[in-house]
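Peer 1: Sequence:
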Amino acid sequence: MRRLSAIALAAALIAGIGLTGCSTTVNLDPAEGAGDPACAEVSVRLPGSVADQPRRWTDAQATGAWGDPSSILLRCGVTPPGPTEARCITIGGVDWIVDESQAPRYLVTTYGRVPAVEVYIDNEAVSPNDALGELGVAVAAATTVEGECTLTEELLPEQS
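The numbering of the sequence shown is my numbering, which starts it at 92 and goes up by one.
Read the hints as simulated data drawn from the structure, not as lab findings.
The beta-carbon is built from N, C-alpha and C at its ideal position, and this holds for glycine as well.
Incorrect hints may have been included.
Pairwise CB distance ranges, derived in the manner of DEER restraints [to be verified]:
1. 118 - 238: 27 to 35 Å
2. 139 - 192: 15 to 23 Å
3. 224 - 120: 23 to 31 Å
4. 224 - 191: 15 to 23 Å
Sequences are here, hints too, so could you generate the full structure?
Peer 2: As structure tokens, this is what we get:
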């Protein structure tokens, strides 16, 4: 299911790349939990620009897009990721799981936050760290912390 979500978002990004300057709306599919009131709060807090990319209109609830062509896509209300060995980073107090399988485009998903938010970032156009730092302000203000990333070393039993 998570893989399907990543593929759908990647397809949306690729479709957005093909849009002309005349088109102002980015077509995205809303996440299953897009109707969560916290996603509405995330949406109203999204900035007008991210990493110097202007915001664009989207046609789906609880989504955001920046850049022309779109280089950053956001969906709120995705299925929260469970424990994983994937790389986890913390930027601005928000933990993000990084899916590097489509590098240099990255799918990052909040970890330990409800509702979960995923962001698809084209690293050839913008810095993921800058984008996540700016988007993390809205995410941190509107979502609830229910967990955090831990280091693999912390999970290993102590040697006797």
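Peer 1: Now tell me if each hint is right for this structure.
Peer 2: Each hint, compared with the structure:
Checked against the given bound of 27 to 35 Å, the beta carbons of residue 118 and residue 238, roughly 32 Å apart, stay inside it. Between residue 139 and residue 192, the C-beta spacing of about 31 Å breaks the proposed range 15 to 23 Å. Distance hint check for residue 224 and residue 120: the Cβ-Cβ separation is about 26 Å, which falls inside the suggested range of 23 to 31 Å. At about 19 Å, the beta-carbon gap between residue 224 and residue 191 stays in the expected band of 15 to 23 Å.
Going down the numbered hints, you'll see the structure goes against just number 2.
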